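K.L.:
The chain contents come next:
Protein chains: 2
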Amino acid sequence: RYFHFCKLPGRVMGIRLLRFTSVVIIVLLLVAGALTALLPTIKDDKLPNSRREPKTQSQSALDSFTLIMQTYNRTDLLLKLLNHYQAIPHLHKVIVVWNNIGEKTPEDMWNSLGPHPVPVVFKVQSVNRMRNRLQNFPDLETKAVLMMDDDTLVSAHDLTFAFSVWQQFPEHIVGFVPRKHISTPSGIYSYGSFELQNPGFGNGDQYSMVLIGAAFFHSGYLEDFQRQPEAVYALIDETQNCDDIAMNFLVAKHTGKPSGVFVKPVDIRNLEKDTNSGYSGMWHRAEHLLQRSYCVNKLVNIYDGMPLKYSNIMISQFGFPNYANHKNKM
Amino acid sequence: RYFHFCKLPGRVMGIRLLRFTSVVIIVLLLVAGALTALLPTIKDDKLPNSRREPKTQSQSALDSFTLIMQTYNRTDLLLKLLNHYQAIPHLHKVIVVWNNIGEKTPEDMWNSLGPHPVPVVFKVQSVNRMRNRLQNFPDLETKAVLMMDDDTLVSAHDLTFAFSVWQQFPEHIVGFVPRKHISTPSGIYSYGSFELQNPGFGNGDQYSMVLIGAAFFHSGYLEDFQRQPEAVYALIDETQNCDDIAMNFLVAKHTGKPSGVFVKPVDIRNLEKDTNSGYSGMWHRAEHLLQRSYCVNKLVNIYDGMPLKYSNIMISQFGFPNYANHKNKM
Chain A
777 RYFHFCKLPG RVMGIRLLRF TSVVIIVLLL VAGALTALLP TIKDDKLPNS
827 RREPKTQSQS ALDSFTLIMQ TYNRTDLLLK LLNHYQAIPH LHKVIVVWNN
877 IGEKTPEDMW NSLGPHPVPV VFKVQSVNRM RNRLQNFPDL ETKAVLMMDD
927 DTLVSAHDLT FAFSVWQQFP EHIVGFVPRK HISTPSGIYS YGSFELQNPG
977 FGNGDQYSMV LIGAAFFHSG YLEDFQRQPE AVYALIDETQ NCDDIAMNFL
1027 VAKHTGKPSG VFVKPVDIRN LEKDTNSGYS GMWHRAEHLL QRSYCVNKLV
1077 NIYDGMPLKY SNIMISQFGF PNYANHKNKM
Chain B
777 RYFHFCKLPG RVMGIRLLRF TSVVIIVLLL VAGALTALLP TIKDDKLPNS
827 RREPKTQSQS ALDSFTLIMQ TYNRTDLLLK LLNHYQAIPH LHKVIVVWNN
877 IGEKTPEDMW NSLGPHPVPV VFKVQSVNRM RNRLQNFPDL ETKAVLMMDD
927 DTLVSAHDLT FAFSVWQQFP EHIVGFVPRK HISTPSGIYS YGSFELQNPG
977 FGNGDQYSMV LIGAAFFHSG YLEDFQRQPE AVYALIDETQ NCDDIAMNFL
1027 VAKHTGKPSG VFVKPVDIRN LEKDTNSGYS GMWHRAEHLL QRSYCVNKLV
1077 NIYDGMPLKY SNIMISQFGF PNYANHKNKM
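Chains as they are written, first to last, in the working numbering: chain A, 777 to 1106; chain B, 777 to 1106.
If you're looking for bench data, these hints aren't it; they were derived computationally from the structure. Model, not experiment: these values are computed from the prediction. Take the hints with a grain of salt, since some may be wrong.
All copies of an identical chain are treated as equivalent in the list; a pair is satisfied when it fits inside any one copy or across any two copies.
To be verified - Dumping the calculated DSS-like pairs for lysine-lysine here, alpha-carbon to alpha-carbon at most 30 Å:
| hint | residue 1 | residue 2 |
| --- | --- | --- |
| 1 | Lys-856 | Lys-869 |
| 2 | Lys-919 | Lys-1029 |
| 3 | Lys-1029 | Lys-1049 |
| 4 | Lys-1033 | Lys-1085 |
| 5 | Lys-1029 | Lys-1074 |
| 6 | Lys-1103 | Lys-856 |
| 7 | Lys-880 | Lys-1033 |
Given the sequences, and given the hints that come with them, work out the whole structure.
P.N.:
Below, the structure is given as structure tokens:
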């Protein structure tokens, strides 16, 4: 029909139809072009040609956490725990700090047993140091760190809840193991747990530290840790202990508040006895607690004061495992 | 000896001694004068002649709270409770909201049984209204209010702890009785407690309100309550109920966060059965819970949206009554 119309140049009606058709076609092309331009921006604010990722970078950084687990001489426990922890909700990545110097990591075996829910990176260390786990790992992409000892099993329910608590208290160490210091008339401090007298502020007990071997804290504190006095590193290296006490000092100094928030675990287990390695963990050394009291006093010298503050807040999950945990006569 | 020396005017030694003695006496007088001038200013920085008061005004305002207890037809319970509550640590004053219209308050009897640890004021009401207790009483001098129903006994330990928690969360209603709303596919809300399905955010339960009949909150919220839409007062007056739900809406709107923080009570008792009055409290009315669901939906209309937010944080006192409440296998 088009040619037909063209062949009748003198016909006004033909020219009108031609113009009309052209206009319609042009309009349709414009509409199609507009739709093509609009649709991707409504659905997706990424640049074209970028690979599809389940979440944007910034969302993951806030909504998920990185597990950092240091391991020494307990690879059987490590692998058992990794099977559990790799499936925890909101986990972004696992960083295994490999303190087995000169020994190959189980990375090949790990990969051969894939695929895995999250990436796991093995960071091979050159020296077996307790404070290796407190490096500011470039692999860290999240704001939150979950630090776990390689013999500690905490249930997914506890971790999910504690993570939600951390999100409400991001400047604190939110974890499952509370400890305290007490001062004595001589001015010398002592480190301990419930067995020590309470600090005397009314009834009940108090805690002034939350241990980082089962806790969430802000990844920014790993950055801060790199800027501490040399004497702190020397102390931790000398004792192969007390990195967690040092972190509590750091956080307390930074916030001016109690460093930790204690979340009461429903299901936390120590798997030490289950290892085939025969290795039973640093805290069994005879001098362990004495060392920690020693560390508290040394750190007070280094930081020129005692920054730790007491708290008696204990947080549990409302109605879990069931409503009996809060139901009362009212 | 003095006259003896005077009578020997020509004696040089006498004149020297005279000068020496005079100097000594003058010095001693000066020292005494200095001591007299110094001592009061080191000990006491108040203006002279001001009456001795245990604390400055501003200290009391922050470190103590005012108990507001509304009462209707249960004067026996009221007096029993006042004997208990008047001795709670950090209590500044008690305000009794007297809803027994036309009936004399027990003020004379109260005074005859003095002295009492704190002042108690009886605010005689002209109409028996549930919301009488939410007036912005001029007698209020503290930042914190403890509001108690006249049949509720909470232990001093619980109150002392909850007050310390409120001081860490002053914009929230910190109390012992959690409740929640749930939404249904129809968009209609329902009010209830643990018996309702949890709102479905993972495991465990959630709460979105903390009832003010056993709770601490900031006195500023009483001020805010005077500035609510008329429809709110009409609703509370119509139902003689729901003033606490309205307060939770107010606080949630103000903070954009969950209105309450639930502190799990160790020892909370309802003394209803102990009254001689035969009066058993509003919540026994058949329509009580239905009314509260009705109120939730009306308030959503009045405030043009649902401001209540869920929380699953349950706070307990670490190591009280004993360390068994937190000790675990770790």
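K.L.:
Hint numbers the structure violates, sorted upward?
P.N.:
3, 7
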